[in-house]
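Student: One-letter residues, chain by chain:
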Amino acid sequence: MKKKSLLFLFMSVLLLMVACSEADQGSGDDVEQDDSASNGETTIRVAWWGNQERHDMTLEAIELFESINPDIKVQPEYTGWDGYWERLNTQAAGNNLPDVIAMDNSYLNEYNSNDLLVDLAPLINDGSINLADVDDVYQEINHDGDRVLAVASGANALALVYNVEMLEEYGVNLGPGYTYEDLYQINLKIKQAKEEAGEEYLGYDFANAEYELFNNYARQNGMSFYNAEGNGLGFEESTLVEYFEWVQSMVVDGAAPSHDIMMSYIEGGNSMVQEGTSAMQTAASNQIIGIAQGTEYELDLAILPSLDGQHANFIRPSMSFSITQHSQHQEAAAKFIDFMTNNLEANEILQAERGVPISAAVREHLSDKVPESVQKTFDFLELVADYTTEADPIAPPGETEVRGAFSRIIESLKYDQITPEEAASQFIQQAEAVLN
Amino acid sequence: MTKRKNVTASLTLESARTKHDNWSGFLSISPWLIGFILLILGPMIASLYLSFTDYNLLSSPNWVGLENYRNLFSDARFLKSLEVTFKFVFISVPLKLIFALALAMLFNTGRKGSSFFSAVYYIPSIIGGSVAIAVVWKQLFGRQGAITQILSALNITDTNLIGNPNTALFVLILLVIWQFGSPMIIFLAGLRQVPAELYEAASVDGASKIRQFFSITLPMLTPVIFFNLVMQTISGFMTFTQSYLITGGGPLDETLFYAVYLYETAFEYLRMGYASAMAWVLLIVIAAITFLFFLTSKYWVFYQSEGGR
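If you're matching them up, the sequences are chains A and B in order.
Position 50 of the first sequence, counted from 1, bears residue number 50 in this note's numbering, the numbering being contiguous throughout.
Position 90 of the second sequence, counted from 1, bears residue number 90 in this note's numbering, the numbering being contiguous throughout.
Everything labelled a hint here was simulated from the structure, so no lab data went into it.
From the three backbone atoms N, C-alpha and C, an ideal C-beta is built for every residue, glycine too.
Fair warning: there could be bad hints in the mix.
[Unchecked claim] Each pair of labels, with its calculated beta carbon distance range:
no.: 1; chain 1: B; residue 1: Glu83; chain 2: A; residue 2: Glu421; range: 21 to 27 angstroms
no.: 2; chain 1: B; residue 1: Ile123; chain 2: A; residue 2: Asp56; range: 33 to 39 angstroms
no.: 3; chain 1: A; residue 1: Glu63; chain 2: B; residue 2: Ser24; range: 55 to 61 angstroms
Only chain A is shown next, with the shape it has when bound in the complex (with noise of 0.2 angstroms):
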């Protein structure tokens, strides 16, 4: 009695083991039938970030490319940018990246260096990737020496967004050669005249890019956030103390709202430019698309501000398509970049989403079948390039956890619980400790 009752509860637990693998198995193989079924037929795998707008857009730009290519079937991977990386890092590590990934300038150093990213330059020589309308100032970045490490799926520029009634209302004229002077100046003063007659008015909103534009204030005096070898930071610290000082007076004096204000905006996916209780903030420029989406308001992008007539702003990516090592199907990958990069209708359909296209045949054919607000962006990429000097090269390994430490001390400073010069010297001990 005791033996069959054993034997039976063993074979009950072998055929449960049995049932599970021949599952796994089974699905297994109908992806590769899946695969050799339909002669030859390859899928490959695009991971990227963003919002439902950009995943329906891209979905739909990716049945295009399916039906031009029937050969090649594309699964989507896609989510916000809170858990991108954070999959995308355990994929890499289970030697499982998807084969194409959008990248971000500043994890492209970081996956360079652990050699996840496939070297384009012989896809784009052999023309798999024709970049032939692409003008070299949109890849720069993406170069390192003379590997391409990823194709810009657009670009844009750090700059600022403003309403136009509102400053036409209180004379102000952003053009370019207003100062940072200028914009404490500015919003003391539109605040007091709002409040004089009873509306609110925030002040300058800082839309937590602290750190991107003292990337531009470090390029105006002639240096970089990062050294040219990347293992260390490469402007003087006197030069991040006047911009701390800066910050802190824009906040304390009240021309730019308290921290926890400029967070719940940003948590709560609303800006304050939207709702009025802002003129200004700093922003990407192709944010203005969808920053116009949301209000009533006409906005228009100006340069940041300039700083003893020193302008420093580069044009970017504002996200890359890069081939990982994992990917078993390079051609079908490059294919696929090149349709994102080159196609007239897929680019109809993605609406210069990810920043301007950086195809001058592309731009061309979008000019008169866009949005005003997507419009701006390119009219802004032609001005700023007047305002520009010469990119920095890519962040090293470890630029987010500089970045959060940036964060963290802005905090302090906004919150009035440090000097601009403890908080400079604290800064910088934090950022070598990581990048040594």
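Position chain B relative to chain A; hints supplied.
Tutor: Here is chain B on its own, set in the frame of chain A:
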């Protein structure tokens, strides 16, 4: 002679049977056992190894010996996260237990509907750890949230409690206290175990309700209190969701729970080795505190079955 033979035979049979029993025992628990080995023991050993390495997830780990552990204690944010977590645990756990006990007493009176209400009050604990509640909490206490509006209408304060470094932690503590359901249910079961004759005898002797609470209820409940204290302290140290979703560890790191910093280190800064070391330090801290509780328990926990020893 035959007798002796029989004995040996039955002995061998006996040992064979024990062997069989062991196998069937292992087999019956094998689903759990396999899960334990693959999902808990394996990763634990891996993380112990990784804690002695420099590992960024993207390339293979490098052995660095004790460096991660040494660096921890000069890491200001690590110390800050310890401070925040201790503060959180030592404020929230006692308050939660007091609250749970008070409600359990209320529902133990056997009034009409008390079982219905004890079920209702359990609901926050089921959904309380969820993402949805965290988001609701964030909305309620946020800049334009209902609670912020009410407080400012009552002229108590008009700051955004989540954004204020001095109050953010307390918003999270409040959320955790609100999830008093599971200790409450356990208290309720404990209260029902207290023999009614003790109360009868006490009332005959003229003891007041308050006296009865302190002299009968509380001592009889100490094993349950002890259990709840240990469980809640352990889960308190591992709290993650509330801080990660509501405050993201901010403002000014005032709600940087240990688990949040660990997560940030591992998955945002890709310092897996360092994060593994943190995980082991947390394990040691929790084990030490639990051990302390057990050490002190003999002075205050009353086990009826041991005749009060």
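Student: For each hint, tell me whether it holds in the structure or not.
Tutor: Results for each hint:
| no. | hint | in the structure |
| --- | --- | --- |
| 1 | B:Glu83 with A:Glu421: 21 to 27 angstroms | 26 angstroms, holds |
| 2 | B:Ile123 with A:Asp56: 33 to 39 angstroms | 36 angstroms, holds |
| 3 | A:Glu63 with B:Ser24: 55 to 61 angstroms | 56 angstroms, holds |
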